[in-house]
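Following the hints, put chain B in place on chain A, whose structure we already have.
Number of protein chains: 2
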Amino acid sequence: MQNSESVVTPWEVRGEIDYDELIRQFGVEPLTEDLIVKLERHAGFRHILLRRGMFFAHREFGDWMKSYENGVKATLYTGRGPSGNTHLGHLIPWIFTKYLQDAFDADLYFQLTDDEKYLFNQDLTTEEIAKYTQENILDIIAVGFKPKKTKIFTNLTNSRPLYNIAVKVAKHVTFSTAKATFGFSDSSNIGMIFFPAMQAAPCFLPQYLEGKDSHVLIPCAIDQDPYWRISRDVAPKLGYRKTAGIFSKFIPGLGAGGKMSASMPETAIFLSDTVEQATKKVKNAFTGGQPTIKEQKEKGGDPDACVVYAYLFSLFDEDDASVAETCRACKSGERMCGTCKNRLAEKVAAFLEEHQEKREKAKDIVEDFMLKE
Amino acid sequence: MQNSESVVTPWEVRGEIDYDELIRQFGVEPLTEDLIVKLERHAGFRHILLRRGMFFAHREFGDWMKSYENGVKATLYTGRGPSGNTHLGHLIPWIFTKYLQDAFDADLYFQLTDDEKYLFNQDLTTEEIAKYTQENILDIIAVGFKPKKTKIFTNLTNSRPLYNIAVKVAKHVTFSTAKATFGFSDSSNIGMIFFPAMQAAPCFLPQYLEGKDSHVLIPCAIDQDPYWRISRDVAPKLGYRKTAGIFSKFIPGLGAGGKMSASMPETAIFLSDTVEQATKKVKNAFTGGQPTIKEQKEKGGDPDACVVYAYLFSLFDEDDASVAETCRACKSGERMCGTCKNRLAEKVAAFLEEHQEKREKAKDIVEDFMLKE
Chain A
5 MQNSESVVTP WEVRGEIDYD ELIRQFGVEP LTEDLIVKLE RHAGFRHILL RRGMFFAHRE
65 FGDWMKSYEN GVKATLYTGR GPSGNTHLGH LIPWIFTKYL QDAFDADLYF QLTDDEKYLF
125 NQDLTTEEIA KYTQENILDI IAVGFKPKKT KIFTNLTNSR PLYNIAVKVA KHVTFSTAKA
185 TFGFSDSSNI GMIFFPAMQA APCFLPQYLE GKDSHVLIPC AIDQDPYWRI SRDVAPKLGY
245 RKTAGIFSKF IPGLGAGGKM SASMPETAIF LSDTVEQATK KVKNAFTGGQ PTIKEQKEKG
305 GDPDACVVYA YLFSLFDEDD ASVAETCRAC KSGERMCGTC KNRLAEKVAA FLEEHQEKRE
365 KAKDIVEDFM LKE
Chain B
5 MQNSESVVTP WEVRGEIDYD ELIRQFGVEP LTEDLIVKLE RHAGFRHILL RRGMFFAHRE
65 FGDWMKSYEN GVKATLYTGR GPSGNTHLGH LIPWIFTKYL QDAFDADLYF QLTDDEKYLF
125 NQDLTTEEIA KYTQENILDI IAVGFKPKKT KIFTNLTNSR PLYNIAVKVA KHVTFSTAKA
185 TFGFSDSSNI GMIFFPAMQA APCFLPQYLE GKDSHVLIPC AIDQDPYWRI SRDVAPKLGY
245 RKTAGIFSKF IPGLGAGGKM SASMPETAIF LSDTVEQATK KVKNAFTGGQ PTIKEQKEKG
305 GDPDACVVYA YLFSLFDEDD ASVAETCRAC KSGERMCGTC KNRLAEKVAA FLEEHQEKRE
365 KAKDIVEDFM LKE
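Top to bottom, those sequences are chains A and B.
The first sequence begins at 5 in the working numbering and counts up by one.
The second sequence begins at 5 in the working numbering and counts up by one.
If we strip away everything but chain A, and leave its shape as in the complex, we get (with noise of 0.2 Å):
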């Protein structure tokens, strides 16, 4: 994807990502200000993540939210593999469906890949899935979702309607294809082989477990897009709705290149990280500014190549304002880099207390959340 050291595919993210390229690339479409404004009028606000233009694409958005205002259930589908402890990255799409399970009044059906991270991880065994699978749901429960409303599941406990379902659409999918979208080959598992077929089967799961119509928008990160556009390929074919998606851009790690990843700890802000450790991780994060004090103050800091701002800017910084105010005051080298690492410490430490307060609650409530078939 991109150029030769750029990689989007739903394994790896890797190297210096052109969005617009991608949108061509996936073809997805770009998310309008007509249809933000549309979607800032059902929330009461505009997101800062829409603000700031981390959601960047989609598809068949606009027909979704028509749908919606026409009577028809509206429901979310996103989910996590379970294949580590949350960090910041994958808290973004969850923060935007929350943010459109409020607007929308929609139901979320939340999954978790335990089967992947399985067949695709060799040294991961399922016990040790099972575990991060129960840790990660605190997390989800803790982003603030409607109990009534939210049904989380995952693809060994819930296998039943999920095979079911994943049957139909794996008849609709030749090994051919699935080579085409997902690079497999001949030493690939045969599981890997018919995961997308798991991974579409909650497209159809609200009307295949309700028995009634729905339209189902999938927010997430655009490294997913494949398995959508199989499932979209298969909705017709086998009666149901095409899904609607809403896609992310990735957050950066807090080293040099690349998106958050787990693979590389001192990287990445867990949210079970204390206070210290993530505060030391952003003080090592990788900025924009000079080698040295002299050289910031005369040349100035680079905040695009800067994943210090990029924190503030995407997520922890509502405020516009404050915002332009930062990135003049960098260019200009008036501000130092230990200025903005101070205030996004600042800003991470004050939500990790408050997320690890809702996680602890969510303990007593997690079967309130988890899917009855």
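A hint or two may mislead.
In this list, chains with the same sequence are indistinguishable; a pair is considered to hold if it fits within one copy or across any two.
Said to hold, decoys possible - Taking lysine to aspartate or glutamate and the DMTMM-like style, the derived pairs with C-alpha atoms no more than 20 Å apart in a straight line are:
no.	residue 1	residue 2
1	K241	D127
2	K365	E132
3	K42	D109
4	K241	E132
5	K298	E33
6	K298	D217
7	K351	E64
8	K150	D109
9	K150	E64
10	K263	D372
11	K241	E131
12	K102	D372
13	K345	D217
14	K77	D67
Read the hints as simulated data drawn from the structure, not as lab findings.
Leaving out everything else, chain B in the frame of chain A:
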């Protein structure tokens, strides 16, 4: 497999079959007199399907009996693909399975592969398959299995434990292996490719559900062996015992060549056939007789090429002396085909009447036989 005109795979059996050659090619063992004597000792009698060589090969059947003698729980696993009504050919492994259940007081896990039949047949809907599944279950129960020791299940109903096991199997089976074993291609759908993992899953279901050691024996027709080769390869990696197997030949169709097949209904005796229908089919069967009565009297018939004789020999005439006399009288030209056909038609009629009565009674006790997860 075999020579250029014959094929033996889980989906196709065609042409003249050389069973000695199959033993070599599949890498199974011939069922020796020693093993038969031992089995007879446990069962109290030697089953006609053993006496007439219908069960002819095995994998570690001796070890399985040894496990039983050493106090390990004896478990049987066999199955049925519910793509149509049951015919006599399907019944042969089931009748033998009942013999084994009685002999070893064994638990029996009986799988209906409703997913397979959907994935591999372009024209069957899940609704049609569900109907056949219910019908087939009545035939299974009518064979006389012990309700307290028999657990009938279907892949689409009992997907949760099966998918959980199948994922573990699948992680150890590459597309390359599946392709070599089952002949998948780029145009195979991704459900077909995963299916061998679902087929192997019940090998480990008893241990998975009961959480204790048991040794599983699979009585089935020899064409199913490729599935068990995969399950045997994977078993030690998952910490399970390898399954043993005991394999039958095919009962021929009533026409010339090939096994009895539901896709040629005029050559198969269905368990739902009326006595009139079955009688008509027997009367039209392919025999080893000469074109005219005159020639038959002069040259004698050929029992080895005669389907009617095959049925009497394999299943319907328990009396060794009577079978020998039939063979002699045919070869010598004393007996005409009509005599044998009448005899077989009577036997089949009696069998069908008894089966259909048991099948009627089965309707009230289905729930007793279904797997409780």
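Going down the list of hints, with the structure as the test:
1. K241 / D127: between (37 Å within a copy, 14 Å between copies)
2. K365 / E132: Neither way: K365 and E132 sit 23 Å apart in one copy and 48 Å across, limit 20 Å.
3. K42 / D109: within (16 Å within a copy, 69 Å between copies)
4. K241 / E132: between (37 Å within a copy, 18 Å between copies)
5. K298 / E33: Intra 44 Å, inter 83 Å, cutoff 20 Å: neither.
6. K298 / D217: neither (63 Å within a copy, 73 Å between copies)
7. K351 / E64: Neither: 35 Å inside a copy, 66 Å across copies.
8. K150 / D109: within (9 Å within a copy, 52 Å between copies)
9. K150 / E64: This pair counts as neither: shortest intra-copy Cα distance 25 Å, inter-copy 56 Å.
10. K263 / D372: neither (33 Å within a copy, 55 Å between copies)
11. K241 / E131: between (37 Å within a copy, 16 Å between copies)
12. K102 / D372: Close inside one copy (17 Å), not across copies (46 Å); limit 20 Å.
13. K345 / D217: Classified as neither; 49 Å inside a copy, 58 Å across copies.
14. K77 / D67: Cα proximity of K77 and D67: one copy only (13 Å, versus 59 Å across).
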